[in-house]
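Starting from the structure of chain Z, add chain B where the hints point.
Number of protein chains: 2
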Amino acid sequence: MSEKVTVGLLGLGVVGSGVIKLIENHQQKLAHQLGCNVQVKRVLVRDLDKSRDVDIEEDLLTTNPDDVLNDPDIDVIVEVMGGVNEAKDYILKAFTSKKHVVSANKDLVALHGPELQDAATHNKCDFYYEASVAGGIPILRGIVDGLSSDRIQKVMGIVNGTTNYILTQMDSEGVSYENALKEAQELGFAEADPTSDVEGLDAARKMAILGRLAFSTPVDLEDVEVSGIKGIELEDLQYGDQLGYTMKLIGYANFDNHELEINVQPTLLAKSHPLAAVKNEFNAVYVYGDAVGETMFYGPGAGSLPTATAIVSDVVTVIKNMRLGVTGNQFVEPHFKKELKTSDKRYAQYYVRLFAKDEAGVFSTISALFHDQDISFKRILQTPVNKGEVAEIIFITHQTSLENFQQALEKLESLDAVLEVKSYYKVEGDAIS
Amino acid sequence: MSEKVTVGLLGLGVVGSGVIKLIENHQQKLAHQLGCNVQVKRVLVRDLDKSRDVDIEEDLLTTNPDDVLNDPDIDVIVEVMGGVNEAKDYILKAFTSKKHVVSANKDLVALHGPELQDAATHNKCDFYYEASVAGGIPILRGIVDGLSSDRIQKVMGIVNGTTNYILTQMDSEGVSYENALKEAQELGFAEADPTSDVEGLDAARKMAILGRLAFSTPVDLEDVEVSGIKGIELEDLQYGDQLGYTMKLIGYANFDNHELEINVQPTLLAKSHPLAAVKNEFNAVYVYGDAVGETMFYGPGAGSLPTATAIVSDVVTVIKNMRLGVTGNQFVEPHFKKELKTSDKRYAQYYVRLFAKDEAGVFSTISALFHDQDISFKRILQTPVNKGEVAEIIFITHQTSLENFQQALEKLESLDAVLEVKSYYKVEGDAIS
Chain Z
0 MSEKVTVGLL GLGVVGSGVI KLIENHQQKL AHQLGCNVQV KRVLVRDLDK SRDVDIEEDL
60 LTTNPDDVLN DPDIDVIVEV MGGVNEAKDY ILKAFTSKKH VVSANKDLVA LHGPELQDAA
120 THNKCDFYYE ASVAGGIPIL RGIVDGLSSD RIQKVMGIVN GTTNYILTQM DSEGVSYENA
180 LKEAQELGFA EADPTSDVEG LDAARKMAIL GRLAFSTPVD LEDVEVSGIK GIELEDLQYG
240 DQLGYTMKLI GYANFDNHEL EINVQPTLLA KSHPLAAVKN EFNAVYVYGD AVGETMFYGP
300 GAGSLPTATA IVSDVVTVIK NMRLGVTGNQ FVEPHFKKEL KTSDKRYAQY YVRLFAKDEA
360 GVFSTISALF HDQDISFKRI LQTPVNKGEV AEIIFITHQT SLENFQQALE KLESLDAVLE
420 VKSYYKVEGD AIS
Chain B
0 MSEKVTVGLL GLGVVGSGVI KLIENHQQKL AHQLGCNVQV KRVLVRDLDK SRDVDIEEDL
60 LTTNPDDVLN DPDIDVIVEV MGGVNEAKDY ILKAFTSKKH VVSANKDLVA LHGPELQDAA
120 THNKCDFYYE ASVAGGIPIL RGIVDGLSSD RIQKVMGIVN GTTNYILTQM DSEGVSYENA
180 LKEAQELGFA EADPTSDVEG LDAARKMAIL GRLAFSTPVD LEDVEVSGIK GIELEDLQYG
240 DQLGYTMKLI GYANFDNHEL EINVQPTLLA KSHPLAAVKN EFNAVYVYGD AVGETMFYGP
300 GAGSLPTATA IVSDVVTVIK NMRLGVTGNQ FVEPHFKKEL KTSDKRYAQY YVRLFAKDEA
360 GVFSTISALF HDQDISFKRI LQTPVNKGEV AEIIFITHQT SLENFQQALE KLESLDAVLE
420 VKSYYKVEGD AIS
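Just so you know, the sequences run in chain order Z and B. Just so we're aligned, residue 0 is where the first sequence starts under numbering that gives the first Met the number 0, counting upward by one. Just so we're aligned, residue 0 is where the second sequence starts under numbering that gives the first Met the number 0, counting upward by one.
Accuracy of the hints is not assured; some may be wrong.
The list treats identical chains as interchangeable, and a pair is accepted whether it falls inside one copy or across any two copies.
[Claimed, not checked] Computed cross-link-like contacts, DSS-like style, restricted to lysine-lysine with a CA-CA straight-line distance of at most 30 Å: (1) Lys421 / Lys344; (2) Lys20 / Lys278; (3) Lys20 / Lys336; (4) Lys270 / Lys181; (5) Lys123 / Lys3; (6) Lys28 / Lys153.
In short, the hints are calculated from the structure, not lab data.
Isolated chain Z (complex conformation) (with noise of 0.2 Å):
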């Protein structure tokens, strides 16, 4: 074993800037626990003259992959340039030359993580991606190794940082979403362009890469439903708040007997659920197993240096992988088979706000159009509006099938009495009121 592990790095963004300065920040507790340095010889750049935000010498840049992917004295690759195609291409040549890889790349991993694997396995390489689900929360060694001797029965995540950061504006200074957004994206939260995160896309990126781990399943990122909180009203946040529930975005996955129901949904939690106390830019995943029961994992699912955490981490155990000569020995297992569940085998709780006229015998009407459909209500609220002339009526119900309510929402929205149906969620958990 040689005094110094070499790393190349694929991007020197945000993330890649990280990297260099934990590295170099933390080269003596490296050192202590490894007994070895870590170095950093070449670092890919789109553009060697771009003003960056961490102190490197200029020789060890370069804009051609090969310097990094075919320079024999580097052992471990770090892709940090983001992009699927090109990264892909990238890390299947550093498998090739016998390099072990880190990643912090979500879309890649969600899209092609099990071909990579394969990859590495046959090359006796080792692929890590800690850093491609919820930033510097160490979320998948906590299901791959802490609850390795559990069955996990369902995963429920904050995974993106700027959805929640909106909802927590929305409800701490109801403040609506077009303004929270505009907010979140001043303070560098948001993107100028936020679709991939506000319409839940991201989130469901580590989503599959969490019931893939969580489940020992096979997870396709078109497996996952997905619906953002693009206009989201504030009415609906307030409403829940007063019936004990915080909205949020949540990521949620089950399975059982083979049959895996997985989503990303906005989501109103009660206040008691460990994930509503999850404010602003956090993220948290929360893991319920057969045996250990409610665990939840909190961190920042972002940043600079905490995602850095996450892929200095994944290198670490690399290097001490190589050091024991046990590299590419992962452990993936074989894969249980999955059937997507069916609406009629999907029950959770719903969350109904509507308009409807104001006049008697309105509601018992509504009323029995669910219990037809075995549906009974929880909790309701009924305010006349505009001069008595309209009911805003608001339940949530009992438990039910998701084929029974997307039914009854149906006939619903064709009733007489009923104006409009203003807005349906998913409630989980329940409210002390």
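Structure of chain B alone, referenced to chain Z:
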């Protein structure tokens, strides 16, 4: 590699029974991960005839430790018997016979962890003890692996479920310490003799273990200053609540510049702190790292199956190491040297409640006294009691050194106008008021 790995158990109490059940119930998942079965072969018990909470063949049980420790078929010993001296002897014998050990014994690990680790390494054996801290929460892995690249600055833990249950009940139901304790005993959350829990000793053991791993420094149990929650008064929780704080028994450890501060004490925690939402018998450990910032690990701190999850996950790790031929390589870092922080370097905010004569100028005398010690106030509450003859004064200080605070307290108690300094507590975080 044989087709099964054989485990011997020392002890068959609540946790031991959980281990038996978990290995049985999750055999399929274990076999999928390990490529072999896991079998419990012998179990050391004190009494062969005791009725038990788990189905187990009678001829697996023995009262002779050598039947477990000297059985050549047994690869891994799980120590769940508790106690210190006997357990230590057995574990040392196990290492001598080249058996790996997984222990849930916080008392033992807190007192003799480093010695046991040395014996393990010397014999090329594994020694894991995830279950000794915070039951089912994989916090030791979180620190050792997940945050391996970071420099951990601070660890704060709610690591005793009994006291957290009592404080939660006092807070939410407004009951006295005595009644909350009685209820906890009736529900099985507190033992008939609750001393070790309510006086903070149990939490201190866990903090010693956490401190060692988080800071790579030798922490002895006697380094941990302890004060418990025994006789804590409801009034202080209520005033705390009014000012935006929640009372928790917090294990606190910080390390900088080779100086360690480590203690367990009731603390008023700002409600916005992630640990403030940890209720009832749940545990959580908050870790602040130089690069990652705030993280928190939450889950059940005790219980048969949750604790068994941590133990069997350790067994899984040991078996993976056996298969890879890398046991006895725990990369225990060279230790950093340590000094205990003196009181002039320990900074905190404090809450003080006192009774004083309700006279003109009393408050300004008190305020001047603190000002002379360089301590200023952040919040003040003053209420007349006993028909205006007595004033109850509550204040929260800004950050001060412990040395200055102790001097101020001493002077405060000698003031003529001060009738009684009723209580004082450390304060963590900033309440939003």
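Results of checking the hints against the structure:
In this assembly of identical chains, Lys421 and Lys344 lie within 30 Å of each other by CA distance solely inside one copy; the values are 26 Å within and 58 Å between copies. Within a single copy, Lys20 and Lys278 get their C-alpha atoms as close as 28 Å, which meets the 30 Å cut-off; across copies the closest is 38 Å, which misses it. For the identical chains of this complex, Lys20 and Lys336 are inter-copy neighbours only, at 25 Å across copies versus 43 Å inside a copy, given an alpha-carbon limit of 30 Å. Taking the shortest Cα distances, Lys270 and Lys181 sit within 30 Å of each other both inside one copy (26 Å) and across copies (28 Å).
For the homomeric pair Lys123 and Lys3, the shortest alpha-carbon distances inside one copy (21 Å) and between copies (25 Å) are both at most 30 Å. Taking identical chains as interchangeable, the C-alpha atoms of Lys28 and Lys153 lie at most 30 Å apart only when they sit on different chains, with a minimum of 16 Å there against 36 Å within one chain.
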